[in-house]
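Engineer: Protein chains in written order, with this note's numbering: chain H, 26 to 428; chain G, 26 to 428.
Don't read these hints as lab results, they were simulated from the structure.
In this list, chains with the same sequence are indistinguishable; a pair is considered to hold if it fits within one copy or across any two.
Computed list of lysine-lysine pairs in DSS-like fashion (alpha-carbon distance at most 27 Å, straight line):
hint: 1; residue 1: Lys184; residue 2: Lys98
hint: 2; residue 1: Lys351; residue 2: Lys98
hint: 3; residue 1: Lys384; residue 2: Lys98
hint: 4; residue 1: Lys351; residue 2: Lys174
hint: 5; residue 1: Lys384; residue 2: Lys171
hint: 6; residue 1: Lys171; residue 2: Lys351
hint: 7; residue 1: Lys404; residue 2: Lys74
hint: 8; residue 1: Lys294; residue 2: Lys184
hint: 9; residue 1: Lys105; residue 2: Lys185
hint: 10; residue 1: Lys384; residue 2: Lys74
hint: 11; residue 1: Lys105; residue 2: Lys351
hint: 12; residue 1: Lys105; residue 2: Lys384
hint: 13; residue 1: Lys174; residue 2: Lys384
hint: 14; residue 1: Lys384; residue 2: Lys185
hint: 15; residue 1: Lys105; residue 2: Lys29
There are 2 protein chains.
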Amino acid sequence: MPLKFRIKHTLDRMRVGKVKTRHGSFETPVFIPVATLAAIRGLDNRDLKDMGVEVILANTYHLHLRPGDELIKELGGLHKFMNFDGVIVTDSGGFQAFSLGFGMEHGVGKIANNIFLEELREERLREAENERKKLAVVTDRGVRFKDPKSGRIVELTPKKSMEIQSNLGSDIIFAFDECTSPLSDRDYTEKALERTHRWAEECLQHYDRRQALFGVVQGGEYRDLREKSARFMAERDFAGYGIGGSLGKSKQDMLNILDWVIPLLPEEKPRHLLGIGAIEDLFNCTEKGVDMYDCVAPARWARRGHLYVSPAEGGNVRNKFRIHIKNAAFRIDNRPVDRTCDCLVCQNYSRAYLRHLYKANELLYFRLATYHNIYFVVKLMERIRESIADGSFYELKREWLGF
Amino acid sequence: MPLKFRIKHTLDRMRVGKVKTRHGSFETPVFIPVATLAAIRGLDNRDLKDMGVEVILANTYHLHLRPGDELIKELGGLHKFMNFDGVIVTDSGGFQAFSLGFGMEHGVGKIANNIFLEELREERLREAENERKKLAVVTDRGVRFKDPKSGRIVELTPKKSMEIQSNLGSDIIFAFDECTSPLSDRDYTEKALERTHRWAEECLQHYDRRQALFGVVQGGEYRDLREKSARFMAERDFAGYGIGGSLGKSKQDMLNILDWVIPLLPEEKPRHLLGIGAIEDLFNCTEKGVDMYDCVAPARWARRGHLYVSPAEGGNVRNKFRIHIKNAAFRIDNRPVDRTCDCLVCQNYSRAYLRHLYKANELLYFRLATYHNIYFVVKLMERIRESIADGSFYELKREWLGF
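With these hints in hand, go ahead and build the complete structure from the sequences.
Structural biologist: Written out as structure tokens, the structure is:
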């Protein structure tokens, strides 16, 4: 088996486990930083080691377009290419093909990326949806779209996704799925789900046996479709399960979906909630039984000046555990971002210095900010694991979320 | 004394020495990386330590404008602000006020920055020179100019430069000087030199006694003016000497200027050639007796895709010891940039990976490229010091320059 999952502790629906693959192992629940193009914004492999990052996720879609998965294969695979000796996960390419691929990062893309409908104007979404239909064609075969960079027509199919991921040589791969948006109605979502299920079987047929294949549960916000999908996937021999697609219109919808899906998935397999990773979610979804998360949020927030702080520094659900480093109050603040954080940044630099770097648009800001935010989340997951193991999870959650 | 200089070995006009200041020490001849705004493009203080960087140069002009030298003083000085415990040099602010300050990085600024006249079209230079006259006013008091960022009128005078550098708390400071361009005629250069000399005396009067003040020899490409300036500075009690301003129209002019100036400077004081740092120059100018260099070139070339390689990898005077990482030949090249280099980058990453990062405009590229180029030059200086100490300098020079 290319993947072994051992559950070491449980607490209600939560579990602390260990995933072993041919390139090392990691403890769950885990936060997986995203290395879209085989790099995480200014962090090198020594940084990742220092931070305790044992697993990263790279994007199949992006690497297929550049530098190309065949080139990466010729160069010895992704581990050698980026010189990372931990576990590498690749996604199926589906999400990007259905959203980012259309060059609409700020339209439907983000919705599908689990930012909720209510945060965007309906009208703009409809426009984006129409635009998207022009740029990508979904057929029963797969999806065909125009690469926004090169103008080249690219087709992704289940078989092709398996080929690309095989070329990349990642340890954990995902079955090719159609990622519906919160705008999709029930009829469309149902048709898309049927495709996703057929594609899952194609992936099972074609995937590289040295890799661990995860099936992806879809079905949008519809209970019967989610349950149908969970049962379908659970019956097949996947190494683990992703939960993807539209997670509804609010955080509560997302938690409901987890309540429907997770009890139907096999206990002994890891569950990966795709694209989610806000601090609050890491507590709430872990409580529902999620084992793996990946999310670009820590790096994206860092880039925009938002740095994570713990409750000891005033972090809470309302401020989303973030300070904005540009705040004038930090102009003459010699304290670290978070005095309870032992990362390279908090051990070495002041808020005043980071504010200066941010305002001056210095490259070092992006490195340090990304370092802190990712470290912060990785260490939080470590504490969450400990709290599940010793039974103090609910106390830790109350300390952070206030309830 | 805030600075001690001990000469340990000599070979013809060359010396290997050790400079001691209140914040640590460094060996000479030395290459000093430039941290314009108190940061070196994505490198943190641990990187600098790993690279063996014991001394950096920060820009008085830039830090005065942002975040402000008074703020840095309040925060405990530059060493604490950027958390660097090595030696910090600051320039006088003069060069930037006379060139960069006018927002003309690609006009006269670069000429004054010792890129030679012949490399740019005369016409564009004249335009830039006229533009510059509109934006900055030089008087006997100092220079008054408009900050291109804020629109604010700023005045730099010798006394003000000493105050700013005192606030920054650097270890080695430079006297405020007027930096003439290669377009300045003899008359203007002579008048500017008189000002520079008067200003040097003002600086000697006002500088912070905890800092080591270097005088700057000016005089453009005119032998009598250079000699006059060298004698003037040598007679005054400076801790060391900078050689600045226009270094003529060719590399040979620069070497001639060093031949005129250096024999007139006191043997027992270090000599800093301002703004110079091409590989070839590091050999040729060291041979003339230069002890200290600072230059943005390694970082700038890195940013543009040019990575340094040694003769073992085909580096030579014609290719300026650089490869361009975008070259198609590196697409499938699993070798490091330079197999004789033991830096973080060459020990961990391939040319193919760096090429991918460069083409994808990934932040990690800028960090790794800057790391390699600065490390390369810092280590080359180490080898040059060793070769002076053991008498093999001319062999090393022949190996690198071919003559």
